[in-house]
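Colleague: With chain A held as given, fit chains B, C and D onto it using these hints.
Sequence lines, in order, name chains A, B, C and D. Following the working numbering from start to finish, the first sequence increments by one per residue and tops out at 147. Following the working numbering from start to finish, the second sequence increments by one per residue and tops out at 147. Following the working numbering from start to finish, the third sequence increments by one per residue and tops out at 147. Following the working numbering from start to finish, the fourth sequence increments by one per residue and tops out at 147.
Simulated from the structure, these hints should not be mistaken for laboratory data. Every value quoted in this text rests on a predicted model; they were computed, and no experiment measured them. Some hints could be false.
Since the list gives no way to pick out one identical chain from another, each pair is judged satisfied if it fits inside one copy or across any two copies.
[What the hints assert, rightly or not] In silico lysine-lysine, DSSO-like type, Cα no more than 30 Å apart, as pairs:
id : residue 1 : residue 2
1  : Lys73     : Lys7
2  : Lys91     : Lys73
3  : Lys23     : Lys125
4  : Lys7      : Lys125
4 protein chains.
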Amino acid sequence: MSLALNKEELADYLAQVFPQVHKDFVVEDLTEDTIRMRLVVAERHLRPGGTVSGPAMFSLADVSVYAMVLARKGRQSLAVTTNSSMDFLRKPEGAADMIAECRLLKLGRSLAVGDVLMFSDGSDKPVARASMTYSIPPQGSAAAAFG
Amino acid sequence: MSLALNKEELADYLAQVFPQVHKDFVVEDLTEDTIRMRLVVAERHLRPGGTVSGPAMFSLADVSVYAMVLARKGRQSLAVTTNSSMDFLRKPEGAADMIAECRLLKLGRSLAVGDVLMFSDGSDKPVARASMTYSIPPQGSAAAAFG
Amino acid sequence: MSLALNKEELADYLAQVFPQVHKDFVVEDLTEDTIRMRLVVAERHLRPGGTVSGPAMFSLADVSVYAMVLARKGRQSLAVTTNSSMDFLRKPEGAADMIAECRLLKLGRSLAVGDVLMFSDGSDKPVARASMTYSIPPQGSAAAAFG
Amino acid sequence: MSLALNKEELADYLAQVFPQVHKDFVVEDLTEDTIRMRLVVAERHLRPGGTVSGPAMFSLADVSVYAMVLARKGRQSLAVTTNSSMDFLRKPEGAADMIAECRLLKLGRSLAVGDVLMFSDGSDKPVARASMTYSIPPQGSAAAAFG
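Next up, chain A with everything else stripped away, as it sits in the complex (with noise of 0.2 Å):
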């Protein structure tokens, strides 16, 4: 139940993995079983309208509950997203950078489970909420992946 990856690793980590978009996503928090994320909202993240799309959202769940896997398994493990359910409860207020605050609910031997609730930044109002599952193949082979 302790961390692979200490908070300034894990953001190192998935800089290298990730080179084309990890300036989207800052780690702003890290325990054992809780992440914190923002994404940073530009242009590319936002709908007609000027709200954050949710595509963006999707990615910013998926990201936190992965840099969570990271954290905890460390470098070497691999791991994709087998299922994903969201509830979009309110819309985001303007281009407000997105904060999500993730849980981990399982860390298994071949399946990982996480909660995610989103907010505009400064609003405690929820803008949706996800769950994420991975697969974690097991002998890091990224084939076997997907079960």
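Modeller: Here is chains B, C and D on its own, set in the frame of chain A:
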């Protein structure tokens, strides 16, 4: 943001509208946006092997969110489940009662969303996670509730 | 891509492992990747108002996908539900039997996914949609099934 | 049960309301309750490793169901996504276009539900399954759309 029914009024109303099953469910705690509900586990809630069944956990999650909506909207309100998602995380512990911790994430004009963590009584490891969406018909017309 | 159990073998096996409830469920049709299952609706499947309850529909979807996995993997196989999502679309028609049309979307080494449309017998309007994920333990160990 | 917009009118309208991304999505077929949509895969839809990303598949599912609702309800209609569930079943085949086969399961007064199977172009094995719920505001008021 205040309760239309307190804990006792809510329990009385559930007993009245669900005479067959109300003894299965006990409201243990109620705030403006959370409810704790106990499933008093009996033989009919178990599957082969003696652990609480999936349908019993579905019922518990569904009743918890419904009760939370009633507590806020009042007795006259109608609401039907339109969506559920559940993650089954761990094997329940034998035939222990099941405790649901439910948060109301949204209570809108026509939709309510709650999420629920379920635990075997006495354990702090979640057995299942659920989210439930309820549709609330505009004029209290049951026929309209399915949206 | 062939069946390990034919329709009769599957029905016999379900009767053996689910002695309490097997009469509720009838396998009506089985192919290599689809199954049609009937829920023989009785008083205990109804909610106040006399329509089929959410937990009864959850059971039907769950049993359908489980039976499909058994038909392909054979009797010795173990599988536990790890995720479900359901949309409740219309009010079921009174106490008519419920028919589930299930497709197996994936049968992997460790995960199986099926989706299900449910209809009131005699109607072609779907009452509910479900998808179910099953985790299949590696060495047939029940303890390992939760991933 | 007839279409408010035919295939060409729908494509024109999507181009008008989504000027940034409409070239990503091509309406390939449209009936009264199904739509086939192509995601023309480009570099920005890929994740490290060169396969189509989860957010790109989310977008495809979301646009498909939204387009189906528009085709039935007409240009003036407003709709916001309130729920999504997705199962990721297989690794997409390289950078092939992604084809979504969408069925409209319900088109109610205030809620619409569609489900979607997604395939790498040229393959008949589903890569992902999605279901999407849209809330349709009563008087065409965008502010009311979140229910």
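Colleague: Against this structure, judge whether each hint is valid.
Modeller: Against the structure, the hints:
1. Lys73 <-> Lys7: So lysine 73 and lysine 7 pass the 30 Å test inside one copy only (14 Å; across, 43 Å).
2. Lys91 <-> Lys73: Classified as between; 22 Å across copies, 35 Å inside a copy.
3. Lys23 <-> Lys125: within (25 Å within a copy, 34 Å between copies)
4. Lys7 <-> Lys125: both (26 Å within a copy, 25 Å between copies)
When held up to the earlier numbered hints, the structure conflicts with none and fits them all.
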